[in-house]
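S.K.: From first to last, the protein sequence lines stand for chains A and B. If you read the first sequence in my numbering, its first letter stands for residue 1, the second for the next number, and so on. If you read the second sequence in my numbering, its first letter stands for residue 331, the second for the next number, and so on.
Hints listed in this document are in silico derivations from the structure and should not be mistaken for laboratory results. A quick note: this is a predicted structure, and the numbers were derived from the prediction, not measured. We put the beta carbon where it would ideally sit given N, CA and C, even for glycine. Careful: at least some of the hints might be erroneous.
[Stated by the list, open to error] Under the rule of at most 30 Å between Cα atoms (straight-line distance), these lysine-lysine pairs were calculated in the DSS-like manner:
(1) A:LYS65 with A:LYS84
(2) A:LYS127 with A:LYS140
(3) A:LYS246 with B:LYS598
(4) B:LYS598 with B:LYS505
(5) B:LYS598 with A:LYS140
(6) A:LYS140 with A:LYS128
(7) A:LYS140 with A:LYS57
(8) B:LYS412 with B:LYS505
(9) A:LYS246 with B:LYS570
[Unchecked claim] FRET-style restraints, in silico, Cβ to Cβ:
(10) B:SER434 with A:SER158: 21 to 31 Å
(11) A:PRO80 with B:ASP437: 43 to 53 Å
(12) A:LEU81 with B:SER514: 32 to 42 Å
[Unchecked claim] Negatives, chain B to chain A, calculated, CB over 12 Å:
(13) LYS354
(14) LEU393
(15) ILE410
(16) ASP470
(17) GLN523
(18) ARG622
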Amino acid sequence: MIQPILTIEGLHTRFFTERGEIPAVDGVDLFILPGEVLGVVGESGCGKSVTSLSILKLVPDPPGKIVGGRILFKGRDIVPLKEKEMRRIRGDSVAMIFQEPMTSLNPLFTVGQQIMETVRLHLGLSKKDAREHAVGMLRKVGIPRPEAVVDEYPHQLSGGMRQRVMIAMSISCNPELLIADEPTTALDVTIQAQILDLLRRLNEEQGTAVMLITHDLGVVAEMCHRVVVMYAGKVVEEGSVQDIFKNPLHPYTRGLIESVPRMNETRERLHSIPGSVPILSKDMQGCRFAPRCGNVMDVCREALPQLTLQENQHSCRCWLHETRREEAVV
Amino acid sequence: MSETLLEVKGLKKYYPIRKGFFNKAQGFVKAVDDISFSVRKGETFGLVGESGCGKSTTGRSLLRLIEPTAGEISFEGQDITKLSMEEMRRRRRDMQFVFQDPFSSLDPRHTVQRILEEPLIVHGAGNSMQRKAAVERLADVVGLAKAHLQRYPHQFSGGQRQRIGIARALALQPKLIIADEPVSALDVSIQSQVINLMQDLQREFGLTYIFIAHDLSVVKHICDRVAVMYLGRIVEVSGKHRLYDEPQHPYTQALLSAVPEPDPDFRKERIILQGEVPSPANAPAGCAFNTRCPRVMDVCRNVRPPLLESGAGHLTACHLYDREAGIRFA
């Protein structure tokens, strides 16, 4: 049995706002195996980004706080770790790339200085070696004329180039896990293809595990081995990419997949899920998807179904697939 | 074949780059560089391309929200570029616009009632009783409840706001609606709701759409004919099935191949383009795509390829399909 590189158990992250407590991440369980690409999909507000920020403990506090659960990185719970210890993990064993590369690069420092900071800190390289390392990293992510770009500022680069710089920076210490939060959402399709190609090569050649957070089902189908589908702060389905796309169990997953227009087929009308995502609150009852679900039953409005294993590592949080249904109704 | 509603000939929009004491133009950003196309009554005409290709500038120029530098825009046979501002304002009754961002295109201080009534007041349609009835009908048509009319834009979700934007565009019963990325800010499940709504409205009111988008799967679903833009120029126009099944221009081929399909079994031959889109202030000579084209020839670097018919209603601007190009160059 391969040990997961990261395991999340019952994670609860809440935001304490004027309008009350918002359970952005509401009891999430997931794991990532070494060398695997895990897709985390869902629509805005489903908690996918907050989950990823929680892993590195980057949730802004206040108003956010991890209020429960464990995050085991190679077997060690990192939730109780102090800031100083977290800093040793961030960028070294676990690295992250964000959606908007302009806001996550410091405009006052050159590209080289920013990469060198990370490698000098974590790998203890000399200034000269660090610079060489930085140039090497830029070359590796396919930046043309890396010797010159290393001395340029972020604003001198295009969106695709900045995202490459972010990737170069995040892999510069050879992390075991790379968390990519919507890494290609701000980019054009032809540039997206370049970046996805780069991420895939990293995963295949270096065995870096990747947690890919996205709303784009096309990107998921293309990149991921396993998929976690989230809705309103909870995992509603988890399975291999084949299971999720070919045999989706949860009505939300099914609706989501059918809503997407495809290029390789023509349909008169798109499927659509009625209504919109619920506003999260502490007092929600029953299945979060019940108000929009076409298969809703009485039990769905009253009790929350559990994430239960169906077959072959394919699990789903839905009363339709839960054997305890009869007991729950009684 | 149905009649032409809109005919665009040689449309250009150049922005001068001014420098120095006398603000002399030192060059031009050629946002839209000599494009021609026509839109038939009742069809949905797609304009696609990556950021900076000039698709939005084209859309806005058609309504003279941006004043074109040169070219002719005939709407129902009348050249609207020659109209005075007042005549143009009246003409816009028949030509309306739906904006991308439903958050910034609705006045936050007005109720939905007021937002939908405004175009009716501006164009002097009916008395206050008739207008009130018209607004209620509009709300109903786009799926908003009567109670929603007294609310403000911030009280709605993105999808509902886009419905308000569409209702506003419909208020004067226009013939043509130009929609600039109307669904790209929306979540997948909401996106399909709005696309279905737009198709229903088209059928009901016999609308003609110009649909501007970067998402090629959405465009394939909703459009009848599609024009692909690159760096201010149209590189290919065709009926959607022909365009998607047999793309001719190397850029269209690369663009289509770059779109990830939401199907893990569907593997396509991917053409990964090198480099990035050049700046429109400094477009390459000859074919604008020659710096990234995998099939570039000498002639491409010198002569701009004309948009020529290469099959039934299929136009391509590429020297590969122009038998006489070699002769002309020699």
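S.K.: For each hint, tell me whether it holds in the structure or not.
M.R.: Tested hints:
| no. | hint | result |
| --- | --- | --- |
| 1 | A:LYS65 with A:LYS84 | 18 Å, holds |
| 2 | A:LYS127 with A:LYS140 | 20 Å, holds |
| 3 | A:LYS246 with B:LYS598 | 18 Å, holds |
| 4 | B:LYS598 with B:LYS505 | 39 Å, violated |
| 5 | B:LYS598 with A:LYS140 | 25 Å, holds |
| 6 | A:LYS140 with A:LYS128 | 19 Å, holds |
| 7 | A:LYS140 with A:LYS57 | 29 Å, holds |
| 8 | B:LYS412 with B:LYS505 | 20 Å, holds |
| 9 | A:LYS246 with B:LYS570 | 27 Å, holds |
| 10 | B:SER434 with A:SER158: 21 to 31 Å | 25 Å, holds |
| 11 | A:PRO80 with B:ASP437: 43 to 53 Å | 50 Å, holds |
| 12 | A:LEU81 with B:SER514: 32 to 42 Å | 40 Å, holds |
| 13 | LYS354 | 26 Å, holds |
| 14 | LEU393 | 25 Å, holds |
| 15 | ILE410 | 31 Å, holds |
| 16 | ASP470 | 17 Å, holds |
| 17 | GLN523 | 4 Å, violated |
| 18 | ARG622 | 8 Å, violated |
In terms of the numbered hints stated before, the structure departs from hints 4, 17, 18, listed from lowest to highest.
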